[in-house]
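Read top to bottom, the protein sequences are chains A and B. In terms of this note's numbering, the first sequence opens at residue 1 and continues consecutively. In terms of this note's numbering, the second sequence opens at residue 1 and continues consecutively.
Calculated directly from the structure, the hints in this document are not laboratory data. Wrong hints could be hidden among the right ones.
[Unchecked claim] Straight line, CA to CA, 25 Å or less: simulated DSS-like cross-link-like pairs of lysine-lysine:
no.: 1; chain 1: B; residue 1: Lys-161; chain 2: A; residue 2: Lys-249
no.: 2; chain 1: A; residue 1: Lys-249; chain 2: B; residue 2: Lys-151
no.: 3; chain 1: B; residue 1: Lys-50; chain 2: B; residue 2: Lys-69
no.: 4; chain 1: B; residue 1: Lys-151; chain 2: B; residue 2: Lys-161
no.: 5; chain 1: B; residue 1: Lys-144; chain 2: B; residue 2: Lys-50
no.: 6; chain 1: B; residue 1: Lys-60; chain 2: B; residue 2: Lys-50
This structure is a prediction, so every number in the text was calculated from the model and none was measured.
Residue strings, one per chain:
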Amino acid sequence: MGWQFLGSIGFKISMWESLAVILERFGIQTRSFRALLTALILMDLRGPHYTKATGTQPKHVISPLFWVVGQCLTLSAITSLVLFLRVDVFFYAFVGLAISMLVIATTVLVEFNEIVVDPRDLDIIGHRPVAPRTYSAARFCNLLFYVSIMFLALNIFPAIVGAALYDAGFWYAPAYLVASFCGSLLIVCVVLLLLSMLGRSTIVEKWKELLAWTQILLILVAGYGGQLMFRNKSYAVEMWAAYPPDWIKYLPPTWLARFVEQAAIEPQTTTLATAGGLLAITAGGIALTVWRISMLYRTMQPMTATSRMTRMPTTQIGTLAIGLTALVCSSHSERTGFWLSRTMLARDGTLRMRCLLSLNMVVAVVILGLGTSQFANPMIERDTALVTLPILAVYLIALAVPPIVHNMTFSSHSEASWVFRSAPIDAAEFVNGVCKTIQVFVVTPLCILLCVVMMAAWRAPVSALLHSMIAWLVSWPMAIATVWLVLSELPLSLEHSRGSSIGPLAIPMAGFSTVVMLLAGLHYFAASSIWFWLGLALACVAATWAIRPLANQRMRKFISVNA
Amino acid sequence: MKIPLHIKLYLRSARGQLTLIAVVLVGAVVMAAISVGLRSLFFDGTIRQKLPSATEQVQKIVERITEGKGDIARVDEFTDRELQEVYGLLINEPEVDTERIISARLSSQHTGYMLRQLRVTHVVGNQIQRTQALELMNLINDPKVAQEALKLGRFALRRAKNRQEPAIVKKATSVIRHLEELF
């Protein structure tokens with residue numbers, strides 16, 4: 001049934017036969033490869049997206065994967081249309097290629113890296129006569145399935161719209177497609193080889209965290225670069241694009257964009273040779289990656305149960321360190337949520353990375369503001385160009401909270417979540433404890449950091465303190481509202497699946513963004529009045545008071561339904 | 001609006017998910033094609049250097065100077081903002097200075113400022129503005145800035161060639177020749 005379905009979407013038998021000949025030449029068992037690939041893709045598309053992984057209910061129609069595609073498409077559409085006709089073909093191609101490579105690299109890193117080698121596979125196919133090379137080829141193609149969807153979403157707009165640039169000739173579109181195809185595949189290979197070299201150690205998790213922060217650059221380019229282009233009266237972006245600095249010539253997207261430029265403006269026979277060379281390098285990269293994965297599979301061992309025992313003195317059971325119990329959590333359920341989520345954040349690198357990723361925007365806004373001297377004190381300055389970014393920084397901290405709360409639903413130890421249901425805990429208070437962890441260990445340090453930056457930039461301690469306090473205060477009702485509107489399972493009780501860290505949040509985030517933007521607008525007009533600060537603080541308290549029962553009700557109702 | 005159950009079930013299936021993604025991607029192709037089709041309607045008109053329009057006072061001063069009634073030295077007293085307004089007039093409405101009195105003064109006495117503005121015009125200006133910028137570059141006679149101006153002229157020539165704008169190519173070639181003679 002599954003194979004018939006895939007057959008209908010493109011794997012025609014005649015095509016397959018010619019592909020099979022090529023695969024056999026590389027020592028891949030075609031029948032096993034086909035069966036494995038079909039099963040892997042169908043499993044990905046069927047199960048996880050609608051059942052326990054995402055907490056998606058039967059009434060939901062759109063899969064998280066679809067939202068990821070939609071986000072890629074929106075990003076490329078905005079960038080392509082903002083830059084259209086304003087820059088030359090080189091820079092246009094450079095931006096398109098850089099965004100495509102960055103998004104694919106970070107998404108593979110954050111969402112899809114576990115596709116490549118999954119130790120659990122060994123339990124199912126380890127005893128079957130499947131050669132490591134066949135397994136690794138099927139796993140790699142499984143990954144390519146997602147990469148190809150994202151590749152299309154990220155490159156359709158730059159390939160078509162870019163062909164209508166003033167200086168783009170007939171060969172622009174084919175050259176861009178070759179460059180983006182090679183760039184995307186090579187970056188996937190590089191990420192996989194890098195991960196395979198580092199192994200499954202804590203170093204990997206740290207590397208993943210570091211590499212995932214490259215999205216800051218992406219957000220700067222796409223989100224604020226466009227805004228800067230329209231607002232900056234000295235045409236900084238266009239001038240930068242026309243006279244790019246020397247260092248960009250060392251970046252891979254620059255090499256690919258130069259190839260596109262040559263093909264679009266003055267194609268020569270060497271251009272064709274370059275295209276051939278690029279395709280050959282890509283084929284080499286794929287071969288190397290498949291070889292590396294098959295080597296990993298050879299050395300992989302069946303999963304064995306490991307346990308981690310930590311003995312806690314009896315007197316400390318039910319308490320928190322340095323007297324935090326009385327200060328933060330009142331009930332034992334809250335303390336359980338607080339301690340468990342803090343421990344998991346410290347222990348689970350992927351969970352930490354998914355949670356902290358949403359703070360990119362705040363960091364990007366602050367860096368952009370300071371870098372472009374558009375980070376003035378909104379309590380004194382009235383120029384919108386100078387105060388927009390600091391105001392945004394304040395409210396983007398609050399806006400980062402919903403993705404963090406949502407991502408706390410996932411855990412690599414989710415199978416143990418049955419304990420929550422059998423333990424004598426109150427679901428609402430347990431979730432409250434989790435929210436307090438986020439507030440104490442994520443929001444508070446960030447607000448302190450923002451306060452320090454603002455103090456240094458403004459030389460006005462009171463203003464800096466007020467702004468960071470408001471960021472802290474708005475974050476709390478935002479967390480409670482997320483529990484009410486977004487959370488569909490108890491924290492740490494779902495297994496993470498492709499696209500689920502950002503997918504289901506897309507629509508609620510639109511609502512949260514509207515509220516936050518309204519507050520930001522109000523902030524701009526009334527920042528100099530003390531009544532604004534008092535009013536906003538009171539509004540936060542009132543909102544928490546109003547939303548809290550709804551969130552509690554939802555959590556209690558949810559756990560009772562499941563029970 | 002309530003989605004019928006059979007459509008819901010289809011969209012939730014593996015085939016349905018792929019169909020939905022395929023539809024969106026095809027939609028993106030159509031949207032991109034429409035954007036290209038509407039280039040002249042929505043995009044071409046917005047591509048130009050936006051400069052502040054001249055105030056009535058500046059316009060009067062310019063008018064008096066070009067008519068030979070005002071003192072040309074008044075141009076040297078302009079503030080940065082007024083200089084921008086005058087530059088805007090010269091780029092967008094060249095007919096206000098047909099005798100090139102103000103243009104020549106700006107090119108000789110405010111060469112640094114002019115080169116900075118011309119650089120921006122050659123990057124973000126439309127065809128008319130870039131042609132006018134080349135006209136202004138033709139008035140530069142200071143050998144000290146000829147090197148920088150020459151670089152700018154070559155940039156304008158390369159861009160015009162890439163964009164297949166023969167009129168600008170011709171004009172840029174003659175400007176480059178003029179600047180080379182300054183050495």
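(message) Of the numbered hints stated earlier in the document, which are not met by this structure?
(response) 3, 5
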